[in-house]
Structure formats: structure tokens, C-alpha cells
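Visitor: This is what each chain is made of:
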Amino acid sequence: MASVSLHNISKVYGNTRIVDDANLTVNEGELVVLLGPSGCGKTTTLRMVAGFVQPSDGSILIGGEDVTYMAPRLRNIGMVFQDYALFPHMTVAENIAFGLRQRRVGRAAIAARVAELLDLIQMSARGDSLVTALSGGQQQRVALARALAVSPRVLLMDEPFGALDVRLREAMQLELTQIQRRLGITTVLVTHDQQEAMILADRIVVMANGRIQQTGTPDELYHNPRNRFVAEFVGRNNVLSGRVEETRNGESLITLRCGMRMLVPTGQRIQPGETVAVTIRPQHLMIAGTRTADADALTGRMEEHRFLGNVVHYLVRLPSDDVLLVEGAAGMAPPELGTDVSLTWRKDRALVFDARGQALHGE
Amino acid sequence: MPAERDWNRRLASKSILTAVAVFLLAPFVVVLGASFDTAAEYHVTFPPRGFSLASYQAIPLKYAAATGISLTVAVTVAVTSTLIGFCAALGLVRGRLIGRQVLQSFFRLPVQIPFVVTGAVFLQFYYQLAAMTGVNLLSGLLGLIIAHVFVAVPYSIGAIASVLTRFDPTLEEAAESLGATGWATFREVTFPIVRPGVMAGMFYAFIVSFGDIPVALFLVSGAQTTLPVQIFQDIQFDFRPSMLAVSSLVAVFSLAAILGVQKLAGFDMIVPTRQR
Amino acid sequence: MPSCSTHVGKHSMASNANPACCYRLTAPAAGGPPRSRRGRTGIRWEWFLWPSLLVSLVLLVVPQANFVWLSFHGDLGLGQVSAGLTAENYARILTDPFYLSAFWLTVYLSAMTVGFGLMVGFPAAYALARIGGWTASLLLSLILTTSLITVVVKLMGLNIILGSAGLINRAILALALTSSPIPMLNNEFGVFIGLVQYTLPMMIVLLFGVVQTIPVSLEEAAAILGATRAATYWQVILPNAKAGLLASGLIAFNMSMGAFTSAVLLGGGRVRTVPVLIQQAIIQDTDYGKGAALSTMLVGFVFLINVAVVAVSVESSRKRRWQRAG
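The listed protein sequences correspond, in order, to chains D, V and W. The opening position of the first sequence corresponds to residue 1 in the numbering used here, with each subsequent residue numbered one higher. The opening position of the second sequence corresponds to residue 364 in the numbering used here, with each subsequent residue numbered one higher. The opening position of the third sequence corresponds to residue 640 in the numbering used here, with each subsequent residue numbered one higher.
These are calculated hints, taken from the structure and not from any lab test. Among these hints, one or two may not hold up.
[Stated by the list, open to error] Partner residues aside, some chain V positions facing chain W, computed with beta carbon under 7 Å:
| # | residue |
| --- | --- |
| 1 | 379 |
| 2 | 439 |
| 3 | 484 |
| 4 | 492 |
| 5 | 576 |
| 6 | 614 |
| 7 | 615 |
| 8 | 616 |
[What the hints assert, rightly or not] On the chain D side, residues computed to face chain W include the following (Cβ under 10 Å):
| # | residue |
| --- | --- |
| 9 | 50 |
| 10 | 68 |
| 11 | 69 |
| 12 | 78 |
| 13 | 85 |
| 14 | 88 |
| 15 | 98 |
| 16 | 147 |
| 17 | 149 |
| 18 | 150 |
| 19 | 152 |
| 20 | 258 |
| 21 | 259 |
| 22 | 261 |
| 23 | 357 |
Note that the structure is a prediction, hence the values are computed from the model and not measured. Beta carbons: idealized from backbone N, C-alpha and C, even for Gly.
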């Protein structure tokens, strides 16, 4: 297995910086997910690691070896494509054997290895089927087996589960995690689905507009986002904008657009008069029965209930027309629609970001 | 994204492509160049030894007449075959048919028959017709037009059918729900959208008719020939440098016509590029 | 001449035969009932077929039937044909080595043309498809244009290039590669070149479409798995293009079998392919019976070859699929 490191990688095309100064190290055996919306540069980054795109700047190392200008076929990596790219004119076994044949492995050795991989993906009976006869999930597994057959030192995956329905996707995600851990193969996976990223990743790299926004474990990204984009992209979040009234002991009194005020921890950096954004996760907002003191609660009108089985989502509309999402346990009697409610929150869970989107908490 | 095709850019097959392009374009370049030659008499050479428009000035009048005939025939054929082709395409694409494949193959048949055979077949047919009914289609251009229409209709059908299949039928339903009559729907919704295909079909029919030699060879009488047939015969029996000039003019105008149609009908109509 | 249909060839394979189109078999089942293309309610579009059908029938069936019927009449000289039916035309053609060799020559030249055309045209079409963008469109447009301009212009140019005092021979003599000019006109080679010029543009356009159905990701997958470009070409691209290659080849073959102008202008009257013989029989000899018989045999022969080739390929692909099924 090998590590992958990107140093100051950029890709410029015309006037656009598709990838802008990306730095990343993937440790041996780690599964790192590149996460971001469409057009953020994550796929381009992956393809630079694969060798299909030449970086405009910077270098890529695999296992300590500089591969920036090396042809894809010499990099000894495995790749699962978004459309699987299975060779339609070959059977399952022939597809899996392809990489081995390019390396001039002997027929007996190929057969043994193919059998091994078919066993790994639990398709030992389908070795002689044409790939066109397989279902989506089966094709996906064959694509994975084909990539792993040559024992690559790194595995790359480009939105591999996008075409599968929800149930199948979850099953495949589980299978992938198990296989990856068992083989201990360094893996880089690209997706736009943040839930998928949270499930699969040892670490997540969030990207937007070509730049890496934050790198960290799912827990770190969720609880300690360093900028507003990450806070909003990873997991559900409420955002309220406002202005700082006064600061005292690391806390600030913030006047929101609707006129209400919040007292939140903001660290040392902030000055009165500055614009900030406050984020609170839905599960950290609580519906309080009675009205409490100013700056400790928000009031709004209950607009909608959504019963999701294990939790209930409430939509509360503030006077400023912002709508907050509140998550509560099922089983409690919900306030009626149209009534005024009072919301409190866990003070230490309210995160504040300055006008540039940078985190003020944890400074 | 273009940036990502870097890897697939450096291809060995590109040199084959260049060679093929040169191979196919060379004859035209040569004819064009030789037409400007000064001293070319019976000994045509390339590259030209000098530059002069002599061969252009020496073009005999018969070519103008032949061009006129070619154009008349081609335009008539284009219009007629488009009309016929449009009807056929409508029926094929939208009709409820049992033997659609068979019908499609049937309409494609004229293309599968070599032009020589078509020429001979129609020649015989017109003889028989004259013998049996006294109607002589061999004098004048009508016989030639009919034969060309026979050959050109499959091209028109193909071009029009391909746009018709891609046409979204719910557009017409929407027009109907808004109160449009059948004719209004056709005029304002259907036709504007399928027009590129119709133009492509007309264009192909025109090209097929204008450039044809074997069929015209059988069906024209000595007094009236089409331009390609005239050139064909003169190459064999009466070669002069002015023919280079005529050919160059034909090539240039054809190229202009092709570019013009591409502008009007869109490139995708002429060459099937994006298939996805 | 451009093919009139959007399918590749009259023997358009059922879409299942082109594996590239269904390499990603995710269930399309959720699409709902098939949408009719019928548009406005109540209009019976089939009726539009009648005028065209009528015209086509009249123009196709009647003259052809008349012609075939004519082939069964003997020649009485000066354009007269015998009163009764006779098969002597066919007998004469089938027993005369002159005509048999003419058929063989035509097939041979056509096959060479197709073989060379595929060998050269497929890499060119592949390069075009992968280059993509407006450069590819421009080049493709240029290539197609060469086939749309009336063929005499091209043949005139070829005459100049291939002649004994032409460009190529002058270059060869100047480089002292041989001592006397190579005859490239008025022989089979000249006709071969003419046929290639005639069929190659069409083949490239068709093969271009074929290559476009092969996703680039297949090549990328092969590269990642360690295949060289050559290996990718032979093991991945060509197998997936087989159906398209076959269909394009058949179209080019049909075009070559019927080619007349190239044979006359570049063959100098010495290369007697069947189309040339047909024209001679009808116009020069006014032996209508023989001309008709030759024509019927040519068309029938071409049709048979097409059917045979398609049958063999369908059979072999079915056999392969059966071996691998399950």
C-alpha cells in the first residue's frame, strides 16, 4: 500500500482555476473522501491523481514517488469509474483478468486470482456471464473487482454509487468499507453526497470552487467546521445573520435581522459592528414551553410538522421570514401549527462565522 | 471538459487522419491550382508554372447551358423529393404500422441499386412507355427528373425522419390544447422545429441530382446534357484546360453551397456528430 | 454519397448486437408506458404514406419488373429483342469466362477497396472522434465535402496526380527510385484509387459515429489497468466497433460494386468491371437483353453477398453469446 500526497496542485483552464492550490496527504490504508457540490474540482483532482489530467502546477506523489508526469498505466493504481466502464464485449472473468493480462501474468495465476476476486465480491457463479447481463449492483462489484485484481497500491473511485437506488447503495457502501478495511488499501473516493462521505470516510476533504475548504474526520467537520461553507454543507444546519452589538468575556450579543438578540460565544477576534453568521444544528434547538429572558430565546411561529419516524422536524418561521429547522424526539405532543413558540439552544453549540465565512469559535 | 482530454490528445492515429485528409483533398487542390496555369495545353502539370486566368476566359458557352440544365433538374428534384419524402417520413415515424421495418427497407431500396442499373432501367422503361402510350419522356428533362427523384427520395426521407423522431409530440398536444387548428400547429410549431431536417433533405437531394453521372448519361439526349456528363465526356474525348476552370468553379460553388446549408440547417444535420 | 438512413447500413443490427449501447444495464423499467410519437390526436398519420408509397411503387416496381422481364429476351441486333422468352442471356454470361472474370474483377476491386478503406478509415475516424470539438467537425465537414462535389472533378485531379508525368511519378523519378514511371492510370490500380476516393469519406463519417458510441471511460479503464495504447486499440476499441465496421464495410462494398465513373475515367476502357459492361451493352451494343441480364445479376449478386455476410456475422455472434450465457 502507498500513501498519496498532493503538493500545491492547481489546474487552470483558460481563465478558470478548476483546482486551486490543493494540498493533501492520504495515509497508507486510509479512506479519504473528496466531497463537494458539482463543479467544485473534486473529480478533476481525482483524475489528476489517476493521470488523465495534467496539473498546471504542483506535484503528486504516490508512495513517495513523483508521478506527476507519469502515464496512467504505469502508476499501478486501480480506478472505479462513474459509469463502471466495464468492457461490454467481455465476460465478468475476462474483465477482471484484463489488467493481469496486460502484465503478462501466466494463465494459471490469472485463473486463480480471478477466482479469488469473484469470491471477494461474492459472484463466483457468474464468472462466465457477459457483463451486459448483470444488474447495476453486480456491475459495480465487478468494476471494483477488476480494479483490485492487479493489487494496486491506491484505489480511486469516482462517484461509484450514484446510479444505485438507496437500499442497494447502503449495502454497497457497507461492502466497500469491509473490503477496504480487509485489504487495507489506500482509497480516495469522490462524491457529492455528504451522507455517503460521513459513512465511508476516515477523513473528508470538503471542496468548493476548486479550493479545499477543510480536511478532517467526519466528527471534526460536523462539530468544528472552520468555515461557513463546511458548516452548511456537512449535515443539516440553520443559519442566521446578524450584527455584533457588544462583546464581553469572549461572548457577544448579536442582533439578528428579525430584531431578536442572541448571546453566543465568539472568541477574541470579533469587534462590535461587524456582520456575523450564526449556525445551530436542528437537534441543538429546543422548543421551550414558557418565554424566557431576552437573548436566551428566539420566538417564532410554528409552520410545519414533519414526522420522520424516529424524530420529528419542526419548521419555525421567525419574524424576519427566516425559517428554522428544529429536530425533536418523537412522542412529545407538538405545538399546534400557527401558534407562537419559543426556542432555546445549547449555548456551546451555536457556532459563529465572521463576514468572510471564517470560524470564530475555537480560536 | 476539454482540459480533461489531455490524455487522449496525443494519438498516433492522428497522422493517419492527416494522411487521409491530404489524400482526399489533393485532387481538388491540384485541379484548382492547375486551372490557374499559364501554359497548360495538352500537358497538364502541377504545380502550375505561372499564374493566369486564361483557362477561365476560355470556357466555352456550352458549359453555361449545361450548368443551367443541371440546376433546373436539381432544384426540381430537390423540391419534389422533399415533398414526397416529408409525407413518407410522417407516415413512417408517426403512423401505426405493422411492417414498419419492411416499409423502411423498401424506401431505402433505390440507394442499393447501382446508378448504372437505375439509368438503364429507366431508359428501358421510357422506351416501353413511349411504345405503349406515345408519351416520350426521353426528350426534354422530365424523364431525367423522375429518375433522379426516384434515387433522391430515400435521402430526403432519412434526413426528415431523423428530425421527426427527435421531435417531442407533446408540443403539438400543447398547441392543440391551446386551441390551434391542425394547420396552425404544423405551421407554427412542427415545421419550424423540423425545418433543419427538411433543408438537409432538400440539400442531399439536390447534391445527388446535380452530381449524378451514370443515370444522366443514359437519359439525356445529345443536345441537352447536364454539366457533369458534359465534363465526363469531354475528359475522355476532348480535353481542354478550360475544363479545369469549369471543374474548379463547380468545386468552389459546391463548397459554398455546403457551407451555406450548414449555416442554415445547423451542422449536425449534415454530419451526424453528437449522437448522445 | 451519404447514406440516407440514420442506421448504419440497411442491415441495421438490432440494437442489442451493438454491445456499447447497453454496457450499462441499469433497469430502465421505471420509465412508464412507451410514449407515442403521434402528437395531435385523431390524425391518422399512416395516410401520409399513401402518396409516397404509390409513387415509389410505380417508380420502383414497374420499371424494374420491366427490366428483368427484358433480360429474358434474346438480342436480334440493332436494339431489337426477340419475341419469346429465353434464358440465353443468362446462359451466355454464366458460361463466358469474359463475363465471369468481369464479375470476379468487380468483386476483387470492391473487396480491396473495403479492406483498405477500413484499415485506413477506422484509425482516422477514431482520431477524429477523440479529438472532438470544432476541429473534428471542420475536418469531418471537409472530408464529407470531397464526396459531395461531383465526382468528375476529383477524377480529373487524380488524372493529373497519377499520370506518368504526374506529381507522384515526377517525384519518384526525381528521387531516382525507379528508372521509368510507374503506370498508375488506365489500370486496376488507378480504378482502385478512384474507388477508395469514392467510398472513404462515407466510411469515415459512418465510423465516426460508431466510435462515438464507445465511451472514453473504457479506454481510461484499460489504461489504468496497464494496457498500452496499442493493446487498448486491439483489445477494447476494435471489438466494440465490430458491428459498425461490418455495416460500414458493406455499404462501401455496395457502393464500389456499382461504381461506374471511376472505372471508366481511371481505367481507360481497359478495366472492365460489370457496371462498365452494362453501360457498354446498353448504349454501345444496344443489346438490351444482355444489359438487363448483367444488371439483374449484379444486383442479385450484391444482395446475396450482403445477406451472406450478415447471416454469418449474426450466427457467429449468437454462437458466442450462447457459449457465454448464464
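Visitor: Checked against the structure, which of the hints given earlier come out wrong?
Guide: Structure breaks hints 2, 4, 7, 8, 10, 11, 20, 21, 22, 23.
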